[in-house]
Every structure is written in C-alpha cells, then in structure tokens.
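Chemist: Residues per chain are reported as follows:
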Amino acid sequence: MNNYKVQLILHYLDKAFEGPVIPMKEWDTKIIPKTVKGILKKYNLANTVDMENPINQDPELADRFFQAGWELALELGLYCEDTERVIRITEDELLECTRNYPDHLILGDGQDEVVMYPRKPESPIVPLVAASLGIVCSEKNYLPLVQGIVKYNKLVDVLHGPTLATVFGHSIRSGTPYETLMGNYESELKKEALWRAGRPGMACTGVNGAVTEYGHLGGAPAVAGHGNVTQSLLPVELKCTFSNFHRIIQGLNYGHKLRVGGFSYIGGYAGPPEGAALCNIANDLLISVIMQADYVSSYVYDIQLFGNCGRKAVWANSIATQAVSRNTGFMRNKIVNETGGPCTEMFMYEAAVGCMNHCVSGGSKTTQPRSAGGRFTDYITPMEAWWCGDVFKSCAGMTLKDANDIAKKILPKYEKKLGSPDKGLSVNECFDLDNQVPLENYRELYTRVRNELIDIGLPLNMVYGSWYMDRMAVRKDYSIVR
Amino acid sequence: MADILKKIGNLVAEGDEDEVVKAVHEALNQGIAPLTVLTDGAGKGMDFISEQYNAGEAFLPELVLAGDAMTAVMKIVFESMDAKTAAETKEGTIVIGQAKGYVHDIGKNICSALLAVNGFEVHDLGTDVPVKKFIEEAEAVNADFVMMSTLLTTSLPYLSDTLQYIKDTGHRDKWYFCVGGGPVTPEFAEKIGTNGWSRTAFDCVEMCKKLVKEHKPSDGAFVCVDSEA
Numbered sequence: 001m002n003n004y005k006v007q008l009i010l011h012y013l014d015k016a017f018e019g020p021v022i023p024m025k026e027w028d029t030k031i032i033p034k035t036v037k038g039i040l041k042k043y044n045l046a047n048t049v050d051m052e053n054p055i056n057q058d059p060e061l062a063d064r065f066f067q068a069g070w071e072l073a074l075e076l077g078l079y080c081e082d083t084e085r086v087i088r089i090t091e092d093e094l095l096e097c098t099r100n101y102p103d104h105l106i107l108g109d110g111q112d113e114v115v116m117y118p119r120k121p122e123s124p125i126v127p128l129v130a131a132s133l134g135i136v137c138s139e140k141n142y143l144p145l146v147q148g149i150v151k152y153n154k155l156v157d158v159l160h161g162p163t164l165a166t167v168f169g170h171s172i173r174s175g176t177p178y179e180t181l182m183g184n185y186e187s188e189l190k191k192e193a194l195w196r197a198g199r200p201g202m203a204c205t206g207v208n209g210a211v212t213e214y215g216h217l218g219g220a221p222a223v224a225g226h227g228n229v230t231q232s233l234l235p236v237e238l239k240c241t242f243s244n245f246h247r248i249i250q251g252l253n254y255g256h257k258l259r260v261g262g263f264s265y266i267g268g269y270a271g272p273p274e275g276a277a278l279c280n281i282a283n284d285l286l287i288s289v290i291m292q293a294d295y296v297s298s299y300v301y302d303i304q305l306f307g308n309c310g311r312k313a314v315w316a317n318s319i320a321t322q323a324v325s326r327n328t329g330f331m332r333n334k335i336v337n338e339t340g341g342p343c344t345e346m347f348m349y350e351a352a353v354g355c356m357n358h359c360v361s362g363g364s365k366t367t368q369p370r371s372a373g374g375r376f377t378d379y380i381t382p383m384e385a386w387w388c389g390d391v392f393k394s395c396a397g398m399t400l401k402d403a404n405d406i407a408k409k410i411l412p413k414y415e416k417k418l419g420s421p422d423k424g425l426s427v428n429e430c431f432d433l434d435n436q437v438p439l440e441n442y443r444e445l446y447t448r449v450r451n452e453l454i455d456i457g458l459p460l461n462m463v464y465g466s467w468y469m470d471r472m473a474v475r476k477d478y479s480i481v482r
Numbered sequence: 001m002a003d004i005l006k007k008i009g010n011l012v013a014e015g016d017e018d019e020v021v022k023a024v025h026e027a028l029n030q031g032i033a034p035l036t037v038l039t040d041g042a043g044k045g046m047d048f049i050s051e052q053y054n055a056g057e058a059f060l061p062e063l064v065l066a067g068d069a070m071t072a073v074m075k076i077v078f079e080s081m082d083a084k085t086a087a088e089t090k091e092g093t094i095v096i097g098q099a100k101g102y103v104h105d106i107g108k109n110i111c112s113a114l115l116a117v118n119g120f121e122v123h124d125l126g127t128d129v130p131v132k133k134f135i136e137e138a139e140a141v142n143a144d145f146v147m148m149s150t151l152l153t154t155s156l157p158y159l160s161d162t163l164q165y166i167k168d169t170g171h172r173d174k175w176y177f178c179v180g181g182g183p184v185t186p187e188f189a190e191k192i193g194t195n196g197w198s199r200t201a202f203d204c205v206e207m208c209k210k211l212v213k214e215h216k217p218s219d220g221a222f223v224c225v226d227s228e229a
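Protein chains in written order, with this note's numbering: chain A, 1 to 482; chain B, 1 to 229.
Next comes chain A alone, as it looks inside the complex (with noise of 0.2 angstroms):
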C-alpha cells in the first residue's frame, strides 16, 4: 500500500495544504479567465474554432494548444476548494510522469480481461467501450438493464453502469446512510448481472450512484481488486475536493485502478470554445500527475446546449484530444452527452458524432451513453450502449479527412434541435428486457439508421467484419515527446 504512487498523492495533498492562498472568487473570475485569455493570446490561438471544420484537420495546431496547455497546467495548478490553495507542479514533475507512464492498463480479470492503450489520432488501435452512464434507473429493471447493456462481448467491454433510483424502494439521499447501503447494493447489482450476462471478470469503473466519497465506501469493497477501477470526478476544470482525494484513496485501499476526469465548460469560468480546449488539456496533465490517475476522464461541455454534440463542443474536443495524443502517451476516457433519448434518430446521429470523433481523436475509451442528457429516469436501453459501441470501435483506424466530412453530414441532421432535443421513449416502451431484444419500433429505427450511416460513409461494417481481429492486434504506435 505504501507505495511509490501513494507517497506521490500525499506530496500533492500537502500541497494543498502549503501552496498559495488564493480567494475562491478570484481563482474564478480573476485568475482563471486572464491567464487563459493570456495563453490562448500567446500562442496565437484566439478565435481558431473552427465551425466549417468540426473535426480538427490542423496537426500543428493541435501542437500549439497543447505547448499553450502545459504551460498552463505549470502556471496555474489545480485549485483545492477546501483549503482555499493552489496545488502546483514542476515541469520536472510533469515530465515525470509522463516518462512513467504505463504503455497499457489491463482491465477485468480472466477470460473478462481487456487491455487498454495509447492512441494516436487515426490510429487502428481499436479503443474500449465502457457503458453506461450515471442515467437514472428504477430498481426493478436495474439488473435486466445491466445484464442487456453487457450483453455483446464486441461492443462493450467494461462495466460502469446506470444509477439506482431507490435503495429497497428508499430515496437515496447523497451523503447520508442511504447513499452508503446503494453503493454496496449497486456494486452487487452489477455482480449478479454480469454473471448472468456470462462475463463475470468484467471490469466496474466505480459506483455510479455514489455522488460523494460514501458512496464508494459502500461499494468498493464488493468490487475490490486491481482489475477494477474507482473513479473521482473534479467540480469544474483545474479544480478539486479533498472529496477527489477521499476517493482515490479509497480506491487504493481496494487495488482498483484510478479514473479521475474533470471537465471543461464552453461558456463557463474558461469562457470560448478555445479556453474549454485549452483547460482540458491542462486538465489531462494535472489530473495524471497530482491525483496520479491511471487515466483520465476529461471532456469538453457546452453549457447553454446541455450536451456536447454541437459544433463548438466537437471541436473543442477534437483539438483538446487530438492535442494531449499526439504529445503524451496518456489514455483517457471520453465521454458524449448526447441530448436525445432513447430510440430516436437524433440520439444516434449525436452519438455517431461524438463517439466518430474521440476515437479518431485519439480518445483509448469511452463511457456511453447519455441518452436524454440522462434527466428522466430509466430512459436508458442497452441499445445506445450498443450504438455507441458499434461506432466507437468501427471508427479505429479512420482518417480525421474522412470523420470530418462524415460529421459534417450528420450534423445538419441534428442540431438545431439540440436545444429542445426529442425526449424518446423509456426502456419498458422500446425495449424487452426479460428477452434482452429490442421491440420493433427500436429495432426498425436503429437497422434504419445504422444503413443511413453507412450509406454516408460510417465504417460500421467493420466490428463484426473479417479484419476486426487483425486490428487488435497491438500496435504501440505513440511516444512522449519533450
């Protein structure tokens, strides 16, 4: 337990205890914004969004944002909300880690196991699918829904999963005693279905449900062991709790593996499109240094449009992917927030987007779906987890060329509904879950889509296709530059 990575945590929690006071305000609305705009001015990257171009084509810009986002991982550090005081890093620390860094990371255990790697944008590596998101479910289709959602060992590879609605018909009120006993119910849940679903040493990426550290607490001791992961999320970019800490602790305590993401906000305290790319990259560097993250879940938001399927949000995640691959060997988890629900066209073409984008991108995973920008409980079928897995995978080994003039086709398809998306259907309304098939309203639209797609060029043919196999094979294609 005392090891080198434990001792690494403690140095930086020190630090959040030693490093300059800085007033919360300020960070916000002072420090933040003036060095972001100050970089983004430096290297030159100030209004370079480009919304004819939603998939990054400019390699060397993809390099400048990333000089521009170490510099600013080394200028600012990451903000501690409980002390007040800025954790900050050496370049020597930076580089450290990235030297360090491992070359892959094996989830799951046995026949179960996976192995995640390093992407370079275009790379062949066929990236992981984790599912799903934390979308609300009720507790009586909690494990019907699991069992479905890991149903296909081609499209799904790791266990993340939907959050309970009720602990034995109990609100679950966070940071009390019912979100405790959820933790421990939802990581049994996930047990019993993937031995159902026939894959028992799938790896769990965390407790879903568990919005503060008791969550875990609850949980984690049901999924201990070092092929499963704990996962702590910052409030906002270049911030974090001594909550992020409690649980990567707790994470070791159990040998899990550790996932910490933080996201970046279009319109938010990093203000345009380029300062959310910017702080993601940032992000991305901190976050594998200071919480010592196996990898990281970091993405790009765009707050007026609840999701990040518009052209603003898939570029910024493009040049922000695109940026820490080509430079770093970190793998990171990316993650669409589409906004329309299950068993609508518009959920397909977003996440056909997003999902075509991080992977071409250079994203080693992803964690999907967000059906219904997950507000309504149990609009979630294994259908979108499906889709997106489908996608995801397919889209290995495609150029950026390609994915962008894709994406510029589906776009138009979807997004001047993006601010009042099509809600769909619940689970019981386009989904059997004791025959784990969909109905044939789900069935009908997805087989229509899914043709349309490929019509327009979307290689999906590809995961159940006869060269799938070939490109597993690994290819460490990436190296750490500086």
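There are no misleading hints in this set.
Distance condition first, Cα-Cα at most 25 angstroms in a straight line; then the derived DSS-like pairs of lysine-lysine:
no.	chain 1	residue 1	chain 2	residue 2
1	A	K140	B	K191
2	A	K30	B	K22
3	A	K25	B	K133
4	B	K7	A	K34
5	B	K167	B	K191
6	B	K22	A	K25
7	B	K90	B	K44
8	B	K44	A	K30
9	B	K191	A	K423
10	B	K75	A	K25
11	B	K216	B	K84
12	A	K401	A	K413
13	A	K30	B	K75
14	B	K75	B	K90
15	B	K6	B	K90
16	B	K75	B	K213
17	A	K154	A	K191
18	B	K133	B	K167
19	A	K25	A	K37
20	B	K7	A	K30
21	A	K30	A	K41
22	B	K22	B	K7
23	A	K120	A	K154
24	A	K120	A	K408
Hints were generated in silico from the structure; no laboratory data involved.
Assemble chain B onto chain A, guided by the hints.
Modeler: Relative to the frame of chain A, chain B by itself:
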C-alpha cells in the same frame, strides 16, 4: 447627466465594482434620481452583459463580476431611497444554493449571476448546502425566494425535504420556493409543491419576475418558464 449614466452602465457591464460605486455616488450628488441611476444607468449595463452572454460573447466570469457590480449599485441606490420606494423598486431578495451532496455548481452560478445582473439581491450559499441553512439564511436576509438546484438524482430528495421543512416550521407562506437543474423536471417541481421551475438561467430571471408580479407565495401558484418549449 447622460454621460454619467452611460459610464455607470459601462462599468456594470465591465464588472468594475469599485469604479461603479464612485460613479453612482457622483450621479446621486449631481441630483440624479436614484431610480434613474438604476434603470437608465446600471440597467443598460445589465441588459448589455445579458445579451453578450446569451450570444456567447461574454462568459461566466464577466457575468459574475457584472452581478457583483450591480449588487453594489443597488445597495447604494436603495439606501438613498425612502423605504417605500425602495421596496417597490426592488425586484426581490433571493437565497440560492446547491442541494446537499452536490458540488457541481456552474449552472447555479450562472443563474445567480444573471439574477444579480437583473436587479435581484442574491445571497448565494454555494454548494452542498444543508436543508436548515436555506431557512436560516432566508430568515436572516428577509428573503422573498428560496431557490435550489441539483444535477444529480440523489440530491433530488433534498429539494422536497427542504420544502417540507419550510412547511413544517411554518414558513411556507413567506417565500417562493423554486427549483431547477438537470434531472429536475417541471412535473417533479409541481408534484412536490414548488412555486416555480425554469429550464435555463434566462428563464429563471423571467420566472422570478413573473412570480413577484403575479403571485404571492401563499397562493400556491406554480410558474413554469421554458424558452425551448
């Protein structure tokens, strides 16, 4: 007169709290009516920054600073009015915070800043706020509204818990109780007996104005503002 009012508007939009305070004192010393300072000076600035934010040309930090500047202006203006006029002019006093257990506060911060920019006196309790704290603060500042938001379903029970606590402690008729956030649907908001729900931060400003203008907390009205509907 026009110059100083224009200056006040610009300073509010720029979020320069120190300078706008000086400019407001200067305007009042020139004999300009407090209400004019508020509506024709600061009000123009708040309109400008709201439009800029809506158009994606200004961002959260600018909004927060403009909200602070507007709050400072209102404090001086209301102090210079007689109590009756001040009460009639004031849009309302709001206690706002994130439900317990929830730490992602960017949506609430936007709401809070836009409300301040639009003339409400905002008391932001931040994140992870215990139920009782909302009531204590609302009593302390003589609030008109108690507003809560969350993005997570496991914090949803705290919304109804807070409302129930307000009822059980005999305060239900004193404050409008409004909710918002990702998983908070208008159906949920109405079902638990709140006074208002809004989809966006801009909708929230409209909802508050509508409630103040047309309803009392005691009449049990529910106002739903959804600009996307």
